[in-house]
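Asker: Protein chains in written order, with this note's numbering: chain A, 1 to 327; chain Z, 1 to 278.
Heads up, some of the hints might be wrong.
In silico DSS-like links for lysine-lysine, alpha-carbon gap of 30 Å or less [unchecked claim]:
| no. | chain 1 | residue 1 | chain 2 | residue 2 |
| --- | --- | --- | --- | --- |
| 1 | A | K140 | Z | K9 |
| 2 | Z | K171 | Z | K190 |
| 3 | Z | K171 | Z | K197 |
| 4 | Z | K242 | A | K263 |
| 5 | Z | K52 | Z | K242 |
| 6 | Z | K197 | A | K140 |
Label-pair restraints from in silico Cβ distances [unchecked claim]:
| no. | chain 1 | residue 1 | chain 2 | residue 2 | range |
| --- | --- | --- | --- | --- | --- |
| 7 | Z | D224 | A | L237 | 52 to 58 Å |
| 8 | A | E189 | Z | D42 | 23 to 29 Å |
| 9 | Z | T21 | A | A227 | 24 to 30 Å |
| 10 | A | L193 | Z | T47 | 24 to 30 Å |
| 11 | A | D229 | Z | A15 | 18 to 24 Å |
| 12 | Z | A15 | A | V250 | 25 to 31 Å |
| 13 | Z | A15 | A | A225 | 22 to 28 Å |
| 14 | A | A52 | Z | G138 | 19 to 25 Å |
| 15 | A | A317 | Z | A15 | 38 to 44 Å |
| 16 | Z | R10 | A | P247 | 30 to 36 Å |
| 17 | A | E189 | Z | T19 | 27 to 33 Å |
| 18 | Z | T47 | A | P247 | 47 to 53 Å |
Computed list of chain A residues with no C-beta within reach of chain Z, every gap over 12 Å [said to hold, decoys possible]:
| no. | residue |
| --- | --- |
| 19 | L86 |
| 20 | D95 |
| 21 | L192 |
| 22 | Q222 |
| 23 | I240 |
Hints were generated in silico from the structure; no laboratory data involved.
Note that the structure is predicted; figures quoted are calculated from it, not measured.
Even for Gly, the Cβ is constructed at its ideal location relative to N, Cα and C.
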Amino acid sequence: MTSSTLVRRGEGTSPSPRRDRPRASRQRITQPHESSRRRRRTGLAFTIPSLAFVGLVMAYPIVYLVYLSFHTYRPLSSPDVTPAGLSNFIDLFTDSTVGNSLAVTLQFTIASVLIEVIAGTLCAVLLATVMLGTQGRAAKIYSRVLGSAYIIPFAVPAIAGAYAWRMLLDAQFGPVNAVLGTTIPWLVEFPLLSIVVIDAWKMMPFVIFVMLAAVMSIEPTQYEAAALDGAGALRQLFAITLPSILPIMVITAAFRAVDAFTKVFDTVFATTGGGPGDDTRVLPLLIWRTAFTHLDFGAASAQALMALAISVVFGAALLVSQRRNVR
Amino acid sequence: MTISYHTRKRLGVTAASVTLTVLAVLMLVPMAWMAFTSFKPDADIFTTTPLKMPEAFTLEHYSNLFSQFHFGPSFLNSAIIAIATVVLSVGLGGLAAYGFARYPWRGSGIALGFLLVARMVTPAALVVPMYVIMQSLGLLNSVTGVIVGVTVLNLPFVIWILKPFFETVPKEVEEAAELDGLRPFAVFFKVVLPLAKPGIMTAVLYSFLAGWTDLLFPMTFITDAEVMPLTSSLLQMQTGYKIYWGELMAGGIVLTLPAVVLCFALQRYLLRGLRTGY
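Just chain A, with the same shape it has in the complex:
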């Protein structure tokens, strides 16, 4: 359907002499100066709905967040919002749970991104080896099935994946302990490692497929030349593959890091719940608990502002640097 409409449009729109349109109107489109005001208005008309929506639903709450952070609002003890000066911000530095939470979030981010990028890239290289090294229909189908299997964790809702892992790692009833013949409460004894593994399971597919595209775009002649020179597989990996995909690896890692830092919530909430103690109380969870468990909106707002500042600074730096890379 789409192609036929296109063809029809294409026919009708060729500037054929039969159409007795005035020449000037065609020139108006090709000359940007004359119609620039109208183009500007058109551009605004297309973008204003989104900008207004984001302004209303994101910018306004953030302004309100700033307001709340300078106030005390504890709906449990009093419905009033009272000025609090800088006390919420001073608490950020004096309250040890905040510093601890920052450290935990950072550890989680670094560990999971390292595992995901290194293991994911290795998988991508192996997958490319299989895809390029085999011929025939059976092999093609096989590599497609493999690809589909890797996609599943990514498609699984985080909360469902988290509960699946919690059952898997359960001290009494979990199959992992049954296989090992142990009764280790993994989520209590290795809480941070556990959430890193779960996150790696969920997000590695993303890295695999981004890196696969990068590996597949390397000129195959490079490998042929290297093979003629007697370079082995390992040598080829380090001399050809890795150098050519390194820029994409770095960008992927940076994006994953911002994502991991800002969005880790469901997995931790449903597995360790931030515990034991404060061992896995990542920043988003700390903010949420302060606001909705302790009902201290002022303190939560200051924490939230801190989290926003960190992620927005890193995110903006990332976008700017990437833009420079592309152009």
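Use these hints to put chain Z onto chain A, whose structure you have.
Answerer: Chain Z alone, transformed into the frame defined by chain A:
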């Protein structure tokens, strides 16, 4: 003894595919175990020999979901949230992405920059003031608040995905359509949209997933079980003194299945989305 280059290469390919197969099986274990457990009777779940095959499988946990845990309404609520997220974010985001791609105005670069940085916003930070605002608007305990929250976080991503697609549509096609007397909005809907279908499908898929899988907004805004989507309904199975493991596993499968089926059906677009910068 030397091995020829081709033998070595074939050995390498075989080793790679064996490694990958083992890894793929390992990655499937968590969800496979979840499905397996969901069909077990309670006696075979709460045992120290979970690997033993149960004598019989049961659908009891699945029927409990609907009789005890409001999964009927929850499923519907999840669908409403997901579809509304798709309509709102692809509708608004599609227009904006086209505007940014084709009709830049002074300051549009900065506006786009802000929209993209909005992608990096910590959802848990946004939910704090939003809760207070929704409360004063009387929008707690309704799917509306959730839809608005999910959409505003998803919209920047949709614009990010769609803008490059619109940029690849040949300008000549649009100019020709304009010559034909079509106004810019008509050009967009009648000419550009059909051409950008792969991009639109990608945006639709990711928006649906964003709405379907979101937990943060519903668990914060909704306390009434009848209004909850599947994600926050799952949390209800974990009470202070008891975890309904069987129902939890069955519920996880009910939540997962539509997402996975959709991802398989639209796998092409899923991968495209990953590559154009998830």
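Asker: Could you tell me which of the hints above the structure violates, numbers in ascending order?
Answerer: Violated hints: none; all satisfied.
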